[in-house]
Amino acid sequence: MNAAVKTDFRVPVLGSLFRFQWEPAQQAYVLLYPEGMVKLNESAGEILSLVDGQRNVSAITAALREKFPQAGDLSRDITEFLEVAREQHWIDYR
Amino acid sequence: MNSTGSTTANTLAREQKPHGQPLWLLAELTYKCPLQCPYCSNPLDFADTGAELTTDEWISVFRQAREMGAAQLGFSGGEPLVRQDLEQLIAEARKLGYYTNLITSGIGLSAERIAAFREAGLDHIQVSFQASDEEVNNMLAGSKKAFQQKLKIAREVKAQGYPMVLNFVTHKHNIDQIDRIIELCVELGADYVELATCQYYGWAYENREQLLPTRAQLERAERITNEYRETLKAEGNPIRLIFVTPDYYEERPKKCMNGWGEIFLTVTPDGTALPCHSARMLPIEFPNVKQQSIEAIWNASNGFNHFRGDEWMQEPCRSCDEKEKDHGGCRCQAYLMTGDMNAADPVCAKSPDHHLIEAARASAEAEHPATAITYRNERNSRVFARSG
Ligand code: SF4
Ligand code: SF4
Chain H
1 MNAAVKTDFR VPVLGSLFRF QWEPAQQAYV LLYPEGMVKL NESAGEILSL
51 VDGQRNVSAI TAALREKFPQ AGDLSRDITE FLEVAREQHW IDYR
Chain U
1001 MNSTGSTTAN TLAREQKPHG QPLWLLAELT YKCPLQCPYC SNPLDFADTG
1051 AELTTDEWIS VFRQAREMGA AQLGFSGGEP LVRQDLEQLI AEARKLGYYT
1101 NLITSGIGLS AERIAAFREA GLDHIQVSFQ ASDEEVNNML AGSKKAFQQK
1151 LKIAREVKAQ GYPMVLNFVT HKHNIDQIDR IIELCVELGA DYVELATCQY
1201 YGWAYENREQ LLPTRAQLER AERITNEYRE TLKAEGNPIR LIFVTPDYYE
1251 ERPKKCMNGW GEIFLTVTPD GTALPCHSAR MLPIEFPNVK QQSIEAIWNA
1301 SNGFNHFRGD EWMQEPCRSC DEKEKDHGGC RCQAYLMTGD MNAADPVCAK
1351 SPDHHLIEAA RASAEAEHPA TAITYRNERN SRVFARSG
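Each protein sequence line maps, in turn, to chains H and U.
Letter 3 of the first sequence, counting from 1, is numbered 3 in our numbering, and no numbers are missing.
Just so we're on the same page, our numbering is the position in the second sequence counted from 1, plus 1000.
Just chain U, same shape as in the assembly (with noise of 0.2 Å):
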C-alpha cells in the first residue's frame, strides 16, 4: 500500500521554518505487494527497478534523518510486512526517537506480528481499504480474501491497543457508498479516518476514467461526512474525519507537498531519494542514499534544489499574484498532463492547460466499462517499463 501523508502536510506546514528540516521520512521499504490497486502511487515500472537496501542502510538512513531533525517515520511500500526485517528496524527507528507508523494493507499481518511489532515500539498503525462493501473492495483490490482479512487485522490492531487510523481512498466506485464506509469504521473503533479522493499519477493516472468521481458524487459524499461528523461529535465520539476532495474539481491548483524539498523526505526501495512519492517519474535525476548523506541530499542536490524558490517558473506563474500561495501547484501533474515540468499545474483555471483538467470532468460523467481496468502487478508493470 501507499500513502501520502496528506494528513500530516498541514499540521506540519504550520510549524516549519522558512527552508525547513525533512520532518517526515517515508520509507518505502519494497515495492513488493500481494495486492494490486489500480490507483497505486508506485512508479509505472516498478517492476525494472533496482536492488532493495539492506537493513543496514535503512537503519543508517534513519538515524541521518533523525539528525537533520526527522520526527515521523512512515514504513510504507509496496507492503512493508514482505520484509523480514520489518521488526528490527522499527526497533531502531523507534530507540532513535521517531513516531514510528506503519501503512499497510492488512495482508499478511497477523496477531503475533502485531504484538511484535507493539513490543519493537511500533506506535502507530494505518490500515488501508478500498471500499466497505465486500465485493467493490475486492474487485479493487484484485483479491477475493482481502476484505476480511482487513476486518479482522483491524479489530486486532485495536485490541492491541494501538491508535488507529483507516484510511479508504475513494473513487467513483465506492464514493457514493460513504455512509457505510463511515459506519464500519465507527464500528471498528478507529481514531482517524482517511477519506481519500486518489491522486491522478502513476497507476491511477491509467485508470482516471475509472477512478475520478463526478462532481455530483463528490458534493453528496462531502455533506454526508460533514453530517456524520455532527451526530459523531454530539454523540462525545472523538473519531476523525479527514475528507479530501481531488483537486480536478478546484480552480486554483494545491501547493506541492507544502513546498518541493521542505518537510518530506521519500526514500525508495532501492534508495533513490525524493522530495514526493511521486517525483521519481520527473526527467530529474534524483540522488541515492548509497551515495550521498542525507545531508548532502536534503540541502545541496540538484534534484531537491530543482524547484526550490521560483526561478524555474514560466508563464502564467512568474508574473502571478499567487505565486506565494501554491508555488504554481504540483510538478508531477503539470508534467504528466502537458509533457512540460515547467508548467503551470493544469489545475489552475489560468493555465493554458486547463481544458485538459475540464474534459477528464467531463469524461466522469461518462459510463466506462469496469473490463478495462489496469491492474498494478509485475507483468503491467513491464509493460510500461518497456514502453516507457
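With the rest of the complex left out, here is chain H (with noise of 0.2 Å):
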C-alpha cells in the first residue's frame, strides 16, 4: 500500500449496452448484450460487481482490499482492467 497513490475520483458506470449479474449455471459473473455473453473471470467479475455508478476507482480499490485483504497491492490490477473494459464499452465514466 502506497499512501502515496493520490486518489481517483473517476466514477465507472456501466456501459448501456451491456448487463451485468452472476450465472448459478456458469458459476460466474458475466456480460449480457444484444445476442451475446461475456464470462468474466473472477477478479474481472469482483471488480465489476462494484461498480454501481456511486463509488470512484479509489472506492472500489478499498472495498476489494477490505474483501481480500491477503491479495496485496491490487491499484494496478484495477486500474489496468478498467482500461480494457473501457476500451470494450462495458464501463464508461460519469
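Any given hint could be a false lead.
[Unchecked claim] Sample of chain H residues at the chain U side, in silico, Cβ under 10 Å:
#1 Leu14
#2 Ser16
#3 Gln21
#4 Tyr33
#5 Arg94
[To be verified] So, partial list: chain U residues that the calculated Cβ filter (under 8 Å) puts toward chain H:
#6 Ala1071
#7 Gln1072
#8 Gly1097
#9 Asn1101
#10 Gln1126
#11 Pro1163
#12 Pro1238
#13 Leu1241
#14 Phe1243
#15 Tyr1249
[What the hints assert, rightly or not] BS3-like mimics (lysine-lysine), calculated; alpha carbons at most 30 Å apart, straight line:
#16 H:Lys39 with U:Lys1323
#17 U:Lys1325 with H:Lys39
#18 U:Lys1233 with U:Lys1172
#19 U:Lys1233 with H:Lys39
#20 H:Lys39 with U:Lys1172
In case anyone wonders, no lab produced these hints; they're calculated from the structure.
Since we're looking at a predicted model, the values are computed, not measured.
Yeah, the Cβ is synthetic: ideal placement off N, Cα and C, and Gly gets one too.
Join the two chains into one complex using the hints; note that each chain is given alone, in its own frame.
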C-alpha cells in the first residue's frame, strides 16, 4: 500500500449496452449484451460487481482490499482492468 | 423474420465447456408473418406444421432451459409480434434472468408496444431490413409500406433507450448499395449492424440464383465496409459493423453452429426442438418439448446426439486432418446439395461434390430475370408441403 497514491475520483458506470449478472449454471459473473455474452474471470467479476455508478475508483479499490486482505496491492490490476473494460465499452466514466 | 444468431456464435464459442450447455435459446413463436421474404429460413412447408405452443408451454420451456444454463433468449418467428402474449412471455423470461432479444421485421410494431415491452423487461430489439433503397426493400419484402414503417420503428426503438441491432440481409440486389446501407444505420443510431449474406437453405435455396452475389460484388462490399469501419472509428463512433460472407466463396466449410448440439437450442412454433433453426429439413426425428423435458432432449435424444462426435463421418472427412476444425461443415447444406446428410459439406474443396458450389458461383455471374423469385407465403408453402 502506497500512501502517496492519489485518490482516483473517476466514477465508472456500466455501459448502456451491457447487463451484468451472476450466472449460477456457470458459477461466474457474465456480461450480457445483444445476442452475446462474456464470461468474466473471478477478479474481473469482483471488480465489476462494485461498479454501481456511485463508487469512484479509489472506493472500489478500498472495498476490494477489505474483501481480499491477503491479495496485496490491487490498485494496478484494477486500473488495468478498468482500462480494458473501457476500451470494450463495458464501462464508461460519469 | 428470422435470424441465425451469428454474432453470438463467436462470442459464446470461446466460453463453451466440452459438451456444452444450451446457452442460447431461440424461441420461434410462430410461423405467421406479414412479410414474404424470399430468403426466409423457415421450413418450406411451414403452412403444414402443427398447433403453436401455448403461453404456459413456452414458459415451461424457458424455465427448463434456464436451469440448464441458457442465458440468451431470442424471440423470433415468423414474426413474433403476431403473438398476443409476447409481453407476458418477455416478462416471464426476464424474471428468470434471461437477456431477452426481440428479432422482428418491425411490421406491426408501435410506440406503445415498444414501451410495453420495455416495461416487461425486454433488453434488446433487432430490426431486420431488406435494403436501404425503398424500392428494392419493398420488392424483396413483398410489401409497399414496409420500408417507411421500419424507419419509424428503428427511430422509436432508439428513442426509448434500447440497444439496437440492425440486420441487413445482403444479396445480389442490395449489396452494391452497402455504402447507403451503412450510412442509414449510422443515421438511425444503431449499436450493431449485421451485414450478412443469407445462408442458402429453405426459401433462399429456392431463390439462390436471384440472391447469391458475385465474388466481385462481395469483395467490393467488404472493402467498403472496412473503409467505413476506419472512418467511423476515427470519428469516435462506437457502432460495430459485422460483415458475414457466404461460405459459397470459401474453400473450407464453417463449423456447424459451433458444434451440433453444443450451444444452440431452437424450439419451433409447434414445440419441435432443433440444434439449429434449419435442421428440420434433415431426415432425422427431432424431439418435441410437449413430450420430453429439455434436459432429456439436450442430453439424451437421438436428434441432438446424431452429429455429436465424429463416428458418423465418411470420407473424405473421416480421415481428414482438419476435421476438428470444421467438423465436416454444415449437415443441412450437405443434405440439401448432395442428398446425403453424412457427406462432406460441398463448400469444402476436398468434397467430391464441390463442383456444385462452383456451378452456383458461375451462375451468380449470369443475369436472371427478377420475375423468377419465389416469395415466402402460405400459397407457395402449400405447394412445397404437397410435393415434399
Ligand atoms: S474433408 Fe471434411 S473434415 Fe476435411 S476439411 Fe473438408 S469438410 Fe472438413
Ligand atoms: S448442419 Fe444444419 S444444424 Fe448444422 S449449421 Fe448447418 S444448418 Fe445448422
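Problem set entry | Hint check against the structure, violated hint numbers in rising order | 1, 5, 13, 14, 15 and 20
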